[in-house]
Every structure is written in structure tokens, then in C-alpha cells.
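Peer 1: Spelled out, the chains give:
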Amino acid sequence: MALKHKTPLLDELEKGPWPSFVSDVKQIAARKPMCEDLLGLLEQSYVDKEGHWKHGGIVGVLGYGGGVIGRYCDRPDLFPEVAHFHTMRVNQPSSKFYSTEVLKQLCDIWEKRGSGLTNMHGSTGDIILLGTVTDQLEPIFYELTHDMNMDLGGSGSNMRTPSCCLGKARCEWSCIDTQAITHDITTEFQDELHRPAFPYKFKFKTSGCPNDCVAAIARADCSIIGTWRDDIRIDQEAVKAYAAGELAPNGNSFGTGPSVLDIQKEVCDLCPTRCMEWDGKTLKIWNEDCTRCMHCINVMPRALRPGTDTGATILCGAKAPILEGAQLSSVIIPFIKMEEPYEEFKDFVDKMWDWWMEEGKNRERLGESIQRLGLRAFLNACELEPDPRMINTPRYNPYIFYDPADVPGGWEIDGKAYREKHQA
Amino acid sequence: MSEEEKQAIIDFMKKKKGKTKHYFNELCKALPDMKMRAAKKIINEMVNDGQLKYWSSGSTTLYILPEHADVSKEEEGIN
Numbered sequence: 151m152a153l154k155h156k157t158p159l160l161d162e163l164e165k166g167p168w169p170s171f172v173s174d175v176k177q178i179a180a181r182k183p184m185c186e187d188l189l190g191l192l193e194q195s196y197v198d199k200e201g202h203w204k205h206g207g208i209v210g211v212l213g214y215g216g217g218v219i220g221r222y223c224d225r226p227d228l229f230p231e232v233a234h235f236h237t238m239r240v241n242q243p244s245s246k247f248y249s250t251e252v253l254k255q256l257c258d259i260w261e262k263r264g265s266g267l268t269n270m271h272g273s274t275g276d277i278i279l280l281g282t283v284t285d286q287l288e289p290i291f292y293e294l295t296h297d298m299n300m301d302l303g304g305s306g307s308n309m310r311t312p313s314c315c316l317g318k319a320r321c322e323w324s325c326i327d328t329q330a331i332t333h334d335i336t337t338e339f340q341d342e343l344h345r346p347a348f349p350y351k352f353k354f355k356t357s358g359c360p361n362d363c364v365a366a367i368a369r370a371d372c373s374i375i376g377t378w379r380d381d382i383r384i385d386q387e388a389v390k391a392y393a394a395g396e397l398a399p400n401g402n403s404f405g406t407g408p409s410v411l412d413i414q415k416e417v418c419d420l421c422p423t424r425c426m427e428w429d430g431k432t433l434k435i436w437n438e439d440c441t442r443c444m445h446c447i448n449v450m451p452r453a454l455r456p457g458t459d460t461g462a463t464i465l466c467g468a469k470a471p472i473l474e475g476a477q478l479s480s481v482i483i484p485f486i487k488m489e490e491p492y493e494e495f496k497d498f499v500d501k502m503w504d505w506w507m508e509e510g511k512n513r514e515r516l517g518e519s520i521q522r523l524g525l526r527a528f529l530n531a532c533e534l535e536p537d538p539r540m541i542n543t544p545r546y547n548p549y550i551f552y553d554p555a556d557v558p559g560g561w562e563i564d565g566k567a568y569r570e571k572h573q574a
Numbered sequence: 116m117s118e119e120e121k122q123a124i125i126d127f128m129k130k131k132k133g134k135t136k137h138y139f140n141e142l143c144k145a146l147p148d149m150k151m152r153a154a155k156k157i158i159n160e161m162v163n164d165g166q167l168k169y170w171s172s173g174s175t176t177l178y179i180l181p182e183h184a185d186v187s188k189e190e191e192g193i194n
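Line by line, the protein sequences give chains A and B. One rule links them: number in our numbering = place in the first sequence (from 1) + 150. One rule links them: number in our numbering = place in the second sequence (from 1) + 115.
Treat the hints as calculated values from the structure; they're not laboratory data. Don't be surprised by glycine CBs; every beta carbon is placed ideally from N, CA and C. Just so you know, not all the hints are guaranteed correct.
[What the hints assert, rightly or not] Covered stretches of chain B, going by a simulated chain A footprint (3 or more residues, C-beta under 8 Å):
no.: 1; stretch: 118-125
no.: 2; stretch: 129-140
no.: 3; stretch: 155-169
[Unchecked claim] As a list, the in silico EDC-like pairs of lysine to aspartate or glutamate whose alpha-carbon atoms are at most 20 Å apart:
no.: 4; chain 1: B; residue 1: Lys129; chain 2: B; residue 2: Glu160
no.: 5; chain 1: B; residue 1: Lys188; chain 2: A; residue 2: Asp227
no.: 6; chain 1: B; residue 1: Lys144; chain 2: A; residue 2: Glu514
no.: 7; chain 1: B; residue 1: Lys150; chain 2: A; residue 2: Asp227
no.: 8; chain 1: B; residue 1: Lys156; chain 2: A; residue 2: Asp341
no.: 9; chain 1: B; residue 1: Lys168; chain 2: A; residue 2: Asp341
no.: 10; chain 1: B; residue 1: Lys144; chain 2: A; residue 2: Asp227
Chain A with its partners taken away, still in its complex shape (with noise of 0.2 Å):
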């Protein structure tokens, strides 16, 4: 069928051999004049090498500040189909399982009241469902509360929908319950997650261990990572199955089979604490040095596994480069046993979010305050005290303040008897 706007720029993004979403684009054009009206939209920009969408504005459902991002065309004169084409963020259930029931009845709310288009997820998780005008978000909010049991996601200033890992559900080195403390999470802080009254965004992701699956440690505000605090459990009759080229290494992510695993080399040597050796008949682990890298227990999945006294290091901070670079989140609780009811977490998540209210700027990120005001304030406003954990490199920076309360004795300086000794 023909298309009401010629897109032959867009025409040049169907021939790689990869799949083009223009490609899908014209499949629901052929049925809905809004996703036609999208693809000249969008050649006019490659035309014109500027964008014609205006984003932001009062667009919502009752009651909400977040979940809806409304988005208007500048030229609804040559694209009226499309002169709103509002984002609706919907809450994406735990770890993202759904049955298909509900995919289709969702994808049938979205084919009747918008534009059938739905990203499935954004990178924050959300359900993204793209385009519809003002006078359906209503409707469509009343039936995805109402028949579906689903609410919408965070945006705006809000807190973000947490998001975590398959966790236990499908993975045997989940140490958290990563479900249960979304879930939670999503529940307790229905305020924030609604009704935006903070600097700027805030997320909380979870990962079931330290290999980090949804990368909450590079873009959450606050990352539950879990994590171990007694020793790795070793089957050391499994390790020599390993060397002897019985089992395949890494569970056979990389298509190898059973073949030779040289531990000293693949194993020992890339320990980055050099925390374990290896004799040619049984594997030793210093745990205490070991930093949780994961990285032994990736390769070797049926001799090693995680230990049994389960929980979560907390961390702080991460975002994406838009200011000052981007910041990995730095330890803020080492071990949190993160148990129902979460109490000692849910008492530490009010007092961040006391201090970043009070003390954070508008569109400035927890980490960029940290930055800005140190980590000692952070700590002071959390009621927690420095752990040698918390310290990527010790030592790298001379410049280390102590305050004379937190010294026995204490001490004051004469500003006035310095300066008489040392000019200025």
C-alpha cells in the first residue's frame, strides 16, 4: 500500500542486513494515519537536519507529575496526525514477566487509543508506549489501572521505576530477592514515584549479585547489589573436573564444550586481588581478600558458588555523562542483610532523601551533590560511619580533612599566631 508521504532518506535504513525500525514503522502505517504522518515526520527532519518535536508541558493523568511526557510536532500543518504524540511510561512488572494475556491486552489498549508503536523496554525499564493524543491518556490510564492491574512509571522529578534482575526466579546466584524488594519498593514510595518533589530523577535498580545484570552500578542512584559475607562454597572434586576438561568452562557461554580449563591461567591470574591458589589438585580462597568480582565463579559455575550468609551492598551515585561525566556509585552500606521488611534500609533511603531535598540543586543528581559536598556530609546526614569499603584507591588523595570533633582531644587553630609565623 502506498504511503501518504514519500520517505526515501528513511528508505536508505531498510537495506542493512540488520532489522530497521522504519521497516516496522510502515507495517502499522499501512492501518494507522499516525504512524504515516510519524514517518514524514521524521523524513522532514532528515530533510531539514533539525527535529520538529517539541517535548514537556502540562499533559497527565489526575493526580500524577510523572508517567505521561507530553510531546507536540512543530509543523501540525504538514503532519496534523501527529500534532500530539504524547510518551505514556507504563510500570513494567518485576524482572519484566508477563503472560501473554496481559501483552495482548495491553498491545490492544495501545492498537485502540494511540499509535500501536510500544518500545518494550525503555532503558529505565518502563513499558514505553509512543504516541496518542491528550483526550485518550484517561481513558487509557482508567483501563490500565482498572482491567489490567498495571500503573504507570516514573518521570519528571520523580523517583524512577525500580528495576532489577531475573534475580531468584531464574538465577542461582541471586543472593536478594530482587522481586520482592522491587516490588516493595514500588509500593512503599508510591509518593515518590507519583508526585515529583525532588531535585531531579532517582533510581533504585537491583541486581541479585555482584555481576550486576541490570548495571545498577553504573546507572542507579542507589544500587542494591547482593552480595556474600562468609566464603565462597567450593566443590573442589568439581575444580579437577574442570582442569581435566570434563565440564565446559563458563557454562558454556562461549560455545566451547567440555575442554581443558587452565585455572592458574583463566582463574587465578585474573583474580583481581589474587585472592585464590590453585595446585594442580585443590583451589584455596583467601576470603577475606576476595572483592566479590564474580569472576571465578563465572567460569568455574558448577564448583563454585556464592556463600550461604546472603545480603545486599548498598551504593550510591552512578549517572549517565551528562554533567561532569559519568560516575559509578560508590559503597555506601557494605552489608544489609535486605530482609521483609526492609526496615534499616527503608529508615537509610528517608535520610538520603531528607538530605538530597534539602541540600541538592535543581537537575543535580545524588552523585553530583556527593561530589559537590563530599561524602563525609553524605555519611554525617545518613547516620553512618566511614568503612575502609567505601575507599576505591586509599591513600590517592593527600588532601584529607579531619574535623576536630571527630578527633579524641580535638584541637582549634589560632588563625591569628599561624600568620604571625608564616606570611601570607
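Using the hints, position chain B against chain A.
Peer 2: Chain B in isolation, oriented as in the chain A frame:
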């Protein structure tokens, strides 16, 4: 919630000539003796009562008075 506190927020917003959108922490300046999370309760109530509206860019949210919140103008690109 005290009506005086709500009025203080509205007066504060109206006093800022030429500025229609306000960050949350700017509204809190109208309630200097109050902690921000307490102020949030009042501001939420004002949103529920229609005395304030959210304006969101998608990444950041600001607050505006209803007289500045005209969807038709926004659609025309005026707001």
C-alpha cells in the same frame, strides 16, 4: 493543612513576574520554616485541589498556576 501556607505559595508564585514555572524547592522558599518533605504534603494537596499544576519536560518537573496551564496554547506552541 493551613490555608495561610497555601496562600503563601500562591503569592510567592505570583510575585515572580515573567516566570510561570517553578521548581519544587523554589516553592518551599515560601515556607521557610518547614522541612521539604512536610512542604510536599501541602503542595500535593494543592495539586489535588487544582490550585497548582505539574509541568514536566520528561526529565524534570516544575509547578505552575492553573492560569498558565492552557493545554490548547501548549498544543499551538505558545506555552
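Peer 1: So which of those numbered hints doesn't the model satisfy?
Peer 2: When the structure is compared with the hints, numbers 1, 7 and 10 turn out to be violated.
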